[in-house]
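Counting from 1, one number per residue, gives the positions in the sequence shown under this note's numbering.
For the record, the hints were derived by calculation from the structure and aren't laboratory data.
The beta carbon of each residue, even a glycine, is placed where N, CA and C say it ideally should be.
Be aware that a few hints might be false.
As the list claims (entries may be wrong) - Now the in silico label distances, taken between C-beta atoms and shown as ranges:
no., residue 1, residue 2, range
1, 130, 34, 32 to 38 Å
2, 126, 95, 32 to 38 Å
3, 208, 84, 20 to 26 Å
4, 194, 26, 27 to 33 Å
5, 195, 166, 22 to 28 Å
6, 84, 184, 19 to 25 Å
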Amino acid sequence: MLDEPEPGLAARLRDGTSEAHRAAERGPFIRAFLGARRATTASTGSTGPTLDRLTYRDYLVALWAVYTALEAGLERHREHPIAGPLALPYLYRAPAIAADLSTLFAVTPEEQQPVPAALAYAERLRELADHDPALLVAHAYTRYLGDLSGGQILRGAAARILDIPAGSPGLAFYHFAQIPDLGLCKADLRARLDALPLAPAEVTALVAEARSAFARNAAVFAELLPT
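Please take these sequences and the hints and turn them into a complete structure.
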């Protein structure tokens, strides 16, 4: 009988972060995000946390800090055999986030102070860029596949929080203008991950770093919307 082939990196990352992924989806921040009412018709009597326009602004500011650090690291290591294949400018979100902050709040991200957990997350990414760029792949996986998948569901919820139509300017973060087919793009990302030249120990390290990425994201959420 032939041995079953070893699962690729994409499957290892998916399986290794499945519990953290479920916890994130069920956490108070995402529940508040998805359950948001229009600002003008906010429900009364709710006992749970709510997500308003100012919290959403702070969310964008936190994301900008994280994506700026990640994308600077990926660009710096475009020729790296492991990090390089994930340096894909058509996925980069920092410019879109800056555009949304300008459109919605008339501010630049540099003028804002991210929550401490976002600063710590960004510092971890800069540390990896300096000392272990291969591990940036775990964060690229966590962020971009999330944006292309569940992140698309958040687009309508964001419009409700902001009290704007779903097709309005100010939602560029959710729109991948250079990608005509998000499904094909996700398949390509998984193929890129599976093709990376990794030793078993490196795969294990990437899965652990991806779990850490979820934990860091959860810490950002907890500071944005304390329960």
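Could you tell me which of the hints above the structure violates, numbers in ascending order?
-> Failing hints, ascending: 2 and 5.
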